[in-house]
Amino acid sequence: MQPESAAAAPSRRSVLDLLLGAGVLGWIASIAYPVLRYLKPISLQEGAGPLRLTREELARLERERSLILRSGATRVLVFEDAEQRLRALEARCTHEGCTVQYVPGDSNVWCACHNGRFDLDGRVVAGPPPRPLARWTAQREPDGGVVVAPAPRTEQA
Amino acid sequence: MSVSPPRRGLFSWLDRRYDLAPLAAFLQHKEVPLGVHSIFWYYLGGLTLFFFSVQIATGLLLLVYYQVGEQTSYESIRFITTKVPFGWLVRSMHCWSAHLMIVSLVLHMLSTMMLKAYRTPRELTWITGFALFALALGFGFSGYLLPWNELAFFATAVGTDSVKAVPWIGEWLMHVLRGGPDVSGHTLYRFFALHVVVLPLSVFAVVGLHLLLIQRQGMAPPLGREAPRGMRFFPDFMLRDLLLWLIGLILLATLAVFLPYGPRIPGIEWELGRKANPLAPAYPGIKPEWYFLWVYQLLKEFPPHILGLEGPQAALAVVTVLFAIWALVPFLDRRSRRDEPSPAFTDLGVAAVLFIGFLTLKAWDIGGGKAAQPDPQAVARACAIWAFGAGLVATALRRALWHHAWFLFSAAALLHIALHGLVGMSYLGSGAIAAIAVAAGLGFTRFRAHRTVPAGDRP
Numbered sequence: 000m001q002p003e004s005a006a007a008a009p010s011r012r013s014v015l016d017l018l019l020g021a022g023v024l025g026w027i028a029s030i031a032y033p034v035l036r037y038l039k040p041i042s043l044q045e046g047a048g049p050l051r052l053t054r055e056e057l058a059r060l061e062r063e064r065s066l067i068l069r070s071g072a073t074r075v076l077v078f079e080d081a082e083q084r085l086r087a088l089e090a091r092c093t094h095e096g097c098t099v100q101y102v103p104g105d106s107n108v109w110c111a112c113h114n115g116r117f118d119l120d121g122r123v124v125a126g127p128p129p130r131p132l133a134r135w136t137a138q139r140e141p142d143g144g145v146v147v148a149p150a151p152r153t154e155q156a
Numbered sequence: 000m001s002v003s004p005p006r007r008g009l010f011s012w013l014d015r016r017y018d019l020a021p022l023a024a025f026l027q028h029k030e031v032p033l034g035v036h037s038i039f040w041y042y043l044g045g046l047t048l049f050f051f052s053v054q055i056a057t058g059l060l061l062l063v064y065y066q067v068g069e070q071t072s073y074e075s076i077r078f079i080t081t082k083v084p085f086g087w088l089v090r091s092m093h094c095w096s097a098h099l100m101i102v103s104l105v106l107h108m109l110s111t112m113m114l115k116a117y118r119t120p121r122e123l124t125w126i127t128g129f130a131l132f133a134l135a136l137g138f139g140f141s142g143y144l145l146p147w148n149e150l151a152f153f154a155t156a157v158g159t160d161s162v163k164a165v166p167w168i169g170e171w172l173m174h175v176l177r178g179g180p181d182v183s184g185h186t187l188y189r190f191f192a193l194h195v196v197v198l199p200l201s202v203f204a205v206v207g208l209h210l211l212l213i214q215r216q217g218m219a220p221p222l223g224r225e226a227p228r229g230m231r232f233f234p235d236f237m238l239r240d241l242l243l244w245l246i247g248l249i250l251l252a253t254l255a256v257f258l259p260y261g262p263r264i265p266g267i268e269w270e271l272g273r274k275a276n277p278l279a280p281a282y283p284g285i286k287p288e289w290y291f292l293w294v295y296q297l298l299k300e301f302p303p304h305i306l307g308l309e310g311p312q313a314a315l316a317v318v319t320v321l322f323a324i325w326a327l328v329p330f331l332d333r334r335s336r337r338d339e340p341s342p343a344f345t346d347l348g349v350a351a352v353l354f355i356g357f358l359t360l361k362a363w364d365i366g367g368g369k370a371a372q373p374d375p376q377a378v379a380r381a382c383a384i385w386a387f388g389a390g391l392v393a394t395a396l397r398r399a400l401w402h403h404a405w406f407l408f409s410a411a412a413l414l415h416i417a418l419h420g421l422v423g424m425s426y427l428g429s430g431a432i433a434a435i436a437v438a439a440g441l442g443f444t445r446f447r448a449h450r451t452v453p454a455g456d457r458p
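As given, the protein sequences belong to chains A and B, one line each in that order.
Per numbering that gives the first Met the number 0, the very first residue in the first sequence carries number 0; after that it's consecutive.
Per numbering that gives the first Met the number 0, the very first residue in the second sequence carries number 0; after that it's consecutive.
Derived from the structure by calculation, the hints contain no laboratory data.
Ideal Cβ placement from N, Cα and C applies to all residues, glycine included.
One or more of the hints may lead you astray.
[Said to hold, decoys possible] Every beta carbon over 12 Å from chain B, so not counted as near; a handful from chain A, in silico:
#1 S10
#2 S13
#3 V14
#4 L15
#5 D16
#6 I30
#7 T73
#8 R86
#9 E95
#10 G96
#11 V102
#12 G143
#13 P151
[To be verified] A short list of chain A residues far from chain B (calculated; beta carbon distances all over 10 Å):
#14 R12
#15 S29
#16 Y32
#17 P40
#18 R62
#19 E79
#20 D120
#21 R139
#22 V145
#23 R152
[What the hints assert, rightly or not] On the chain A side, residues computed to face chain B include the following (Cβ under 8 Å):
#24 W26
#25 L38
#26 T98
#27 C110
With these hints in hand, go ahead and build the complete structure from the sequences.
Structure below.
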C-alpha cells in the first residue's frame, strides 16, 4: 500500500469535518423547523368581511352611539357622528395595537394607551400613531339594519 | 498511622460515603471581602434570591386553584381572593414579592455597577446577571396577563404589538407570542406555559451558573485594594444573610397584609377590576407596571415618523441600544479592567437613574392635577423640577462625600431634563442636544488626556 501523502491527509480530514458539520447543522434544523412551525399559530379565523349588526348590537349603537365589533381577526369601531351619520373604522390603534374609542364631545377617535388621536376619517390628528386607521363603511339598509364592510382601497385615508 | 475508630453522627456517615470534609474545609475558609464601602451591597443578590424563592412557593400555592383559560382565569383568581381561606394573602404575597424582587434585583445591579464588581475577571457574572434581569422582566410581563382582567389585556396587547418592530421576524414573533393575530385565550395558554415552566427552568439554570461563577471567583473585592480584610462566609456572613431574609419576610408579610392590592399607585396595584373584554376600548389612565413605565413614556414621546422609521420602531431601537450598552459595560469600561478608578461609569449609572426616573415621573403625570388629560407642558415642568432637584442634590452629595469629579453623563441627563421640562423644547430635540454635548465632552476629555498624560500612561 502506498503511504498517503502529507498533503492528502488534511484534505480528507477537512472533507470529513465539513460533512460532520453539515450533518450537525442538518440535525439541528430537523429539530428546529418542526418546533418553529408548531409554535406559529395556524389561522383559524376568516379574513375580515362585511358584517350585519344583530338586533342587540343595533340597540347598543342606538344607546351608546358607538360599538366595537369583530369581523374575522379585525376589530371594527362603528359610531354615529354629530350629524347622525354612521361611520366605521378599524378599532386597532396603528401605534401599539390598543383598542380606540369614539369621543363624541371632542368629535374624534382616541386611543387611551398612548394618547393618540384620529379624526372621524381615521387620519392621525395628534400623538404617536404612525399611520391612519383603516376605513370601513357603515350603511343603513332600507329595513333598518346596518351593514359594515371594509372600504375599497381607493377610499382609505 | 493509627486507625481512628469510626466517628458517629450524620455528617460522618455522609462523609464516609461522599467525602464531604474538603467541602466543609472550603466553607470554613471562604471569605467575603470587606472594604471601605458598606458591606450592605453584598447582601442584595441573596435577598433577590430569597424573594424568588417566595415566588416559587406562593406560585405553587396559586397553581392549586388557578385554572388557565378565557372562561376560567379571571374567575379562578376571583375565587382565590374571595373564597379560598387566605387566598387573598397568597396572591398578595406573590404580587408584593414580585415587586420587591425587582427592587432588590435593580439595587443589586446598580451596586454592582457603582462598585465596578463586573470588572475583569467577572464579566460573565455580569452577563448572567443581566440575563436574570431580562428573565425577571419576562416573569413580570407574562404573569401580568394571567388574571385575564382589562389591565392585563391591554398591557399584553401593547407589549406583544411592540415586538413587531423587530427587523425581519417581528410579525412572526408577534404571532408566536400571541398564538394568533390578537391577544386571546391562546395568548393566555402560551404566557401560562412561559410563566410557570419555561421562565422558572431558565432562571434555575442561569442562577445556577451565576452562583457557580461567584463561588469559583469569590465576591469582588473593592476596587484598587489588593488584600482587603475578609469576613468568614460561614457562619458570619451567612447569619447576616439570614437576618436580612427575615427582615425581607417581615416587610413582605406586613405589606401583603395591610396593602393586599398594592399601594394603589398606577403601575403598583393589582386590583382584579373587570374581566378582559377584547371588544372594549382601552380605558383612560391605563399604565403598565412601574418598571416598564419609562418605556411606555418613551413610546409616547416619539413622533409618528423619525429618520425614516416609524415612531415605535425608533423608540424600541433606542431601548435596545441602551440595554445593549448596559449589558456590555464590563467590556466597555477599560479603566476598571486595569483596577483603576472608573468615574465615567459611575456617572453613567447615575445618568441612567436620572434618565429612567424622569420618564417614570412623566408617565405618572406628576404635576398634571386630577385632569383626565393633563397638560403635557405642566407635567414636563413639574417632573423636571423634581428630577433636576434630585440630580443636583445627588451631584452635591457625590462631590462632598465621595469627592467625585466626573459628571459628564449626569450633566447631560440634567441638561436634557432642563431643556425639555424647564425651557419647553421637545423631548427628542433636547435629547439630541444632550447627546451632542456628551460627544463633545468626551472628545474634549480625550484630547486633554492626550495632551497632558505621557504616552505610556494613556488609558
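Here is what the structure says about each hint:
{"no.": "1", "hint": "S10", "in the structure": "holds, 37 Å"}
{"no.": "2", "hint": "S13", "in the structure": "holds, 32 Å"}
{"no.": "3", "hint": "V14", "in the structure": "holds, 34 Å"}
{"no.": "4", "hint": "L15", "in the structure": "holds, 33 Å"}
{"no.": "5", "hint": "D16", "in the structure": "holds, 29 Å"}
{"no.": "6", "hint": "I30", "in the structure": "holds, 17 Å"}
{"no.": "7", "hint": "T73", "in the structure": "violated, 9 Å"}
{"no.": "8", "hint": "R86", "in the structure": "holds, 16 Å"}
{"no.": "9", "hint": "E95", "in the structure": "violated, 4 Å"}
{"no.": "10", "hint": "G96", "in the structure": "violated, 3 Å"}
{"no.": "11", "hint": "V102", "in the structure": "violated, 10 Å"}
{"no.": "12", "hint": "G143", "in the structure": "holds, 23 Å"}
{"no.": "13", "hint": "P151", "in the structure": "holds, 22 Å"}
{"no.": "14", "hint": "R12", "in the structure": "holds, 33 Å"}
{"no.": "15", "hint": "S29", "in the structure": "holds, 20 Å"}
{"no.": "16", "hint": "Y32", "in the structure": "holds, 14 Å"}
{"no.": "17", "hint": "P40", "in the structure": "violated, 5 Å"}
{"no.": "18", "hint": "R62", "in the structure": "holds, 15 Å"}
{"no.": "19", "hint": "E79", "in the structure": "holds, 16 Å"}
{"no.": "20", "hint": "D120", "in the structure": "holds, 16 Å"}
{"no.": "21", "hint": "R139", "in the structure": "holds, 22 Å"}
{"no.": "22", "hint": "V145", "in the structure": "holds, 16 Å"}
{"no.": "23", "hint": "R152", "in the structure": "holds, 20 Å"}
{"no.": "24", "hint": "W26", "in the structure": "violated, 22 Å"}
{"no.": "25", "hint": "L38", "in the structure": "holds, 5 Å"}
{"no.": "26", "hint": "T98", "in the structure": "holds, 5 Å"}
{"no.": "27", "hint": "C110", "in the structure": "holds, 6 Å"}
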